[in-house]
Each structure stands twice: as C-alpha cells, then as structure tokens.
Amino acid sequence: MKHIKTLNTGKLQNTVKKGGCGECQTSCQSACKTSCTVGNQSCENTK
Amino acid sequence: MGLVHQYRNNGYNIVLDINSSSIHVADDMVYDIIEAMDQGMEKSRILQNLSARYAPDQIEEGYAECEELIRSGQLFSRDIYEACQEEIEAFSKRKTVVKALCLHVAHACNLSCKYCFAEEGEYHGQRAMMSVEVGKKALDFLVENSGSRKNLEVDFFGGEPLMNWQTVKELVAYGRSLEEKNQKKFRFTLTTNGVLLDEEKTDFLNREMANVVLSLDGRQKVHDFMRPFPGGAGSYQNIIPKFQEFVKKRGQKDYYVRGTFTRHNLDFAEDVLHMADLGFRKLSMEPVVAPKEAEYALRKEDLPVIFEQYDLLAREMLKREKEGKGFQFFHFMLDLSGGPCVYKRLSGCGSGTEYLAVTPWGDLYPCHQFVGEEDFRMGTVFDGIQKPQIRDRFSANNVYAKPACRECFARFFCSGGCAANSHNFYGDMGQAYEIGCAMEKKRVECAIMLKAAME
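For the protein sequence lines, the chains are H and A, in the order given. Going by this note's numbering, the first sequence opens with residue 929, and the numbers climb by one from there. Going by this note's numbering, the second sequence opens with residue 101, and the numbers climb by one from there.
Think of the hints as simulated: they come from the structure by calculation, not from any bench. Please note that a few of the clues may not be correct.
[Said to hold, decoys possible] Capping the alpha-carbon separation at 35 Å, the derived lysine-lysine pairs in DSBU-like fashion look like this:
| # | chain 1 | residue 1 | chain 2 | residue 2 |
| --- | --- | --- | --- | --- |
| 1 | A | K214 | A | K236 |
| 2 | A | K502 | H | K933 |
| 3 | H | K930 | A | K422 |
[As the list claims (entries may be wrong)] Examples of chain A residues lying across from chain H (beta carbon under 8 Å, computed):
| # | residue |
| --- | --- |
| 4 | V130 |
| 5 | K250 |
| 6 | K400 |
| 7 | C514 |
We put the CB at the ideal spot given by N, CA and C, even for glycine.
Isolated chain H, as found in the complex (with noise of 0.2 Å):
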C-alpha cells in the first residue's frame, strides 16, 4: 500500500475464538491503581 499504513496486523475480532482465559494480569495491580486502561497489557498467551 503506498498511501495507508496500518501498523498492527492482529485483529480484536480474531480474539473472540480463542481468548478469555484469563490468566493476565489484573489491570490495576499494574502501576495505576486510580484509572483503568488495558490497551496497553500483555495477553499472557503470546508472550
């Protein structure tokens, strides 16, 4: 593609089939502790 970019290949609609086991982290045990934000975890299954 010459005038778009896209940067991340992965699809959130892909993760509906295999996702939900829930071993990662708990977000607020990270390094916030007053706001949520996910985006920026790990999946503990692709590390």
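Given the coordinates of chain H, work out where chain A should sit on it, guided by the hints.
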C-alpha cells in the same frame, strides 16, 4: 455509532478502526477519503470533491487501498458486540474466579499526603495492621477461589506496607509454600512511599516482587507540597536516594515510579521528565481521584492545559528516545503485536470479581478504593463472599452497559474506566467519569502517535 476515529497529531494522520483496533497512518489524501467515506459519501462524489487537490488516478489508487482494508476487516469493521454477540454474552455470564488480591497490610502511614483517599492510611476507620494469621487466610481464600487460574497476584498495599514488614515477609514465604502443591504461581507486588526502604528490604523486594510501585510526584516542590511527613516537612530528600539505589539493584525486573498530579501541578509533564532526569525509566503519572469540591481536584476547564501537557510529554519522549535516553510512560504504552483479547477489553479492571481488596481484619471489598464504604463490604476471608449481589453488579459493569462507552472510540483501550472514579463523582459506578474519559482518550491518541512515530 462511529466506526473509525481520525485525528492528526504531531504531523501524523491517524485512523483507528475501532472494532478491529487496527491502527492506520494515512497520507493527507487517504485521510480525506476515509473522512468522506465515514460521512457516507459515494465514490463518484469523493472523486469529484477531492479532484481539485489530488490527481484522479491517485484518488482511485487511494480509494482502492481503503476498499482492500474494508474487505480484510480492518477498516469500518462492524461493531464487535453485534458481530460476536453469542460468544460475548456467554462470557459475560461466566462464573468468575478471584485471581488477585490487594492486601491492606497496614492501615497506617508515615506520610500525610494531602490527596490520600485512604485518609493517611486509615480508610474511614482506625489505624490497624494486618496480622500474619489474617494474611495467610487471605492467601488460602485466593487459592481456593481461583479455580483453574495458575497466575495469582497479591499486592501489598496500605497505608504504607513497609510499616508491617514482618507480615509482608511471612506472607511471601507462606505464598511460596502454597505454590507447588496447588499448582499456582504467586506474583507479589508492593506499593511504597519509600521512607522505610533500607538495604534488607530493598534486596528482599527485588528478589520476591514481580513489580514494585515507588510513589514520587516529580519535582521537589510539587512532591513536598502534597507528600509531607505528619510534621509538615517534605519527604523528597528522604526517599530519592533510596529509590535510586532500589532501581539500580532492580536489574531488568518491573518497577514503576508513580506519581499523582493535581490542580496544583497542571504542568505535570515537567514532573514526569524530572523523574526521567533522576534516572528512572519506568514511569507513571496518574490524575488525582478526588471529591469534586476538593481544591486540588481536576476541573473540566483544566482539560486543555492537561491535553497540551500530554502532547508535550509525548514529543519529548520521542526526542529522548532518538537521543538514546528513552523511558516508558505507563499510559502511553500499547501492545500492538499481541494486546489483550476482546474479553479482557470488555471486562476491564476486574474489581469486585477477579480482584478484591482485603482489610487488616480480613473484610473483602471490590477494590482498594471502596475500602471502608460499608455498602460495599462483600464478605470476609474467613467466611468468603457473603454478598454475591455486589460481585454481580461489578460483573455486569462492562463497556456495553455504559451508554457513554458504547459511543466512545477508546472503549477497547480503557475498557470502561474506573468504577470507583464513577462512584466518587456521580454516586453511581455505572457512569463514565467525564474528566477521566477525556484524559484517557487523549492518552490513547498520544500512545498511538508514538507508535506511528517509532515505526
């Protein structure tokens, strides 16, 4: 409901496809094409409208690229809830397990921070220390209620947890003794103001804790104003050398130097950069959670200044990265290669369901922010959850339950925001805290821009 979010930041034309979470960087022409498509404009009209600015063959080429992305589900993709309703509904009704506890090992503190939601550690109650017996019972409760989850998280919190050091050490040893026979793995974390850090504690924490959060608000005048000792003296000089020594010995393990900004330091980017100048590399700076009448509480009219500060911080991070002096800022981090699955993004922080707080005497609350609010007391570590209706309320509180979130482009990044924030501000945890949302959206935009710039 919008399907894409477009914005320009630091010279980048960014297009976020909300439901796939695909992030695109476009040239000016395709940015305009997508904007026109989003308004429902026909191809012929787009060609006509843009022909004054771009060559027709170029517009055709750009349009074809957009069509390719649409076909592959990366642009104007359908609402994920509509597309996968059955799976998501099944997940919402799942039986939840507890996988993380926030242990309030000390309801006491050796600082008198002005914004402390815990009221100098005492949480609307009296000063108290968690006994080893209550702590062990909490770890037993966690193991028993964690189902097949292997990774369990335990945060030592307060007040100031180092004021109850012996309990911390004994609970880590007890947790380790439970791991093999129960096929569990404990990830211990601790949040400290640093006053009591010494060589022995530093070495123990660096060995045993998966993450340590070190509280520092930034520049000395800012930190000392909000985080004094009870007598009024500032704590900055006391803690900085201890934090520097701690981080030097920490190696590659996780830590965060974490601050809180208030109305008193709306120029908080300076405080983050000050942390970086002190040699810290993993940083976080949180907006204060405060009752709206507090003089230090953030107000809606502060938002333009706060947005400028996030932009300034992002640009300075890029500059320092190029100079080989880069650092991480918690809210600007994005995992584009393997971020969280849709279920995680829907269910949010897990408070009240997967994550509970434990008081020194063993009471269970949905999270540390709710401790001391009697209506939210869910049970005890001795008798388990006695008010499952509280858990169910939290379980149902996902992004699709909140009208403001359903329309928001950032819903899959913040996953509905902080229930306590909403409860504090509106007396209802099912709302979206407007000021917090505005800041979160800005942080997501900056985080995406940084990814684009570092590609």
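We went through each hint and held it up to the structure:
1. Distance hint between K214 of chain A and K236 of chain A is fulfilled; the C-alpha atoms sit about 32 Å from each other, no more than 35 Å.
2. As the CA atoms of K502 of chain A and K933 of chain H are separated by approximately 33 Å, the hinted pair is consistent with the 35 Å bound.
3. A distance of roughly 26 Å separates the Cα atoms of K930 of chain H and K422 of chain A; the hinted pair therefore holds under the 35 Å criterion.
4. Below 8 Å, beta-carbon pairs count as interface contacts, and V130 of chain A has one with chain H at about 4 Å; its hint therefore holds.
5. About 6 Å separates the beta-carbon of K250 of chain A from the nearest beta-carbon of chain H, less than 8 Å, and the hint is met.
6. Annotation: interface hint on K400 of chain A violated; nearest CB of chain H at approximately 17 Å, more than 8 Å.
7. A hinted interface residue such as C514 of chain A counts as satisfied when its beta carbon comes closer than 8 Å to some beta carbon of chain H; here the least separation is about 6 Å, so the hint holds.
Hint compliance for this structure: hint 6 is the single one not met.
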